[in-house]
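Got chain A sorted already, so can you dock chain B onto it with the hints?
Line order of the protein sequences matches chains A and B. Reminder that position 53 of the first sequence reads as 53 in the working numbering, one-by-one numbering, no gaps. Reminder that position 10 of the second sequence reads as 10 in the working numbering, one-by-one numbering, no gaps.
Possibly wrong hints are sitting among the right ones.
Below, in silico cross-link-like pairs of lysine-lysine (DSS-like), each with a Cα-Cα straight-line distance of 27 Å or less [what the hints assert, rightly or not]:
1. Lys70(B) with Lys42(A)
2. Lys83(A) with Lys57(A)
3. Lys97(A) with Lys2(B)
4. Lys57(A) with Lys78(A)
5. Lys57(A) with Lys42(B)
Rather than coming from a laboratory, the hints here were simulated on the basis of the structure.
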Amino acid sequence: EPEVTQTPSHQVTQMGQEVILRCVPISNHLYFYWYRQILGQKVEFLVSFYNNEISEKSEIFDDQFSVERPDGSNFTLKIRSTKLEDSAMYFCASPPKGGTDTQYFGPGTRLTVL
Amino acid sequence: QKEVEQDPGPLSVPEGAIVSLNCTYSNSAFQYFMWYRQYSRKGPELLMYTYSSGNKEDGRFTAQVDKSSKYISLFIRDSQPSDSATYLCAMSSSGGSNYKLTFGKGTLLTVNP
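Isolated chain A (complex conformation) (with noise of 0.2 Å):
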């Protein structure tokens, strides 16, 4: 299975204060996810990124999230002043080398926001 990586593995942070996530997805795909799962509960769509833009934002993904392309292969995800409902597994996602329709999934994020 391909890989997509994500760092760190845990985050604890305070509220409000900001995080950022980091995830390398399968090299040079146009195509880009961040889904986050809170415990218990099911796997929700955060954002969509498609050739270095923003193509689709879910009700979740307020202003205090921001998405980011800091250099061809890394994606960040924000949450610019965390609060405690912000604790949950964040995953980044990428379809396959020359797919689009399906997607691997990273590692997760464990954030914790005290």
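Quick look at chain B alone, frame taken from chain A:
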């Protein structure tokens, strides 16, 4: 009505049993159907992918899609203790610049030796 419904279980079977996992959905635009396996606090692992209606087999796993009934299934033959995990169904529509996935809540499966 939720877009994707999946019985959360838990489902407990003896080793060697045939397991049937199911999801129903309401959005007729869904065309791409996937099953993922997820271990606790890990990323979803892609198991099976099916486009539109039909069956697909891969080893002990068979995925079925019935678009007329808006119903998808995953069958696991000769189940093993290592199959114990949460199984997630996921689906998407033809998105152009977006193939976002909509997930079911997952079914927790335990295969007992």
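Hint check results:
In summary, the hint linking Lys70(B) to Lys42(A) is supported, as the alpha carbons are separated by about 20 Å, within the 27 Å threshold. Straight-line distance between C-alpha atoms of Lys83(A) and Lys57(A) comes to about 19 Å, which keeps the hinted pair within the 27 Å bound. Among the hinted pairs, Lys97(A) with Lys2(B) is inconsistent with the structure: their alpha-carbon atoms are about 32 Å apart, more than 27 Å. Straight-line distance between C-alpha atoms of Lys57(A) and Lys78(A) comes to about 14 Å, which keeps the hinted pair within the 27 Å bound.
With a C-alpha separation of about 24 Å, the suggested pairing of Lys57(A) with Lys42(B) holds against the 27 Å cut-off.
Going through the hint list in order, the structure does not satisfy hint 3, though it satisfies all others.
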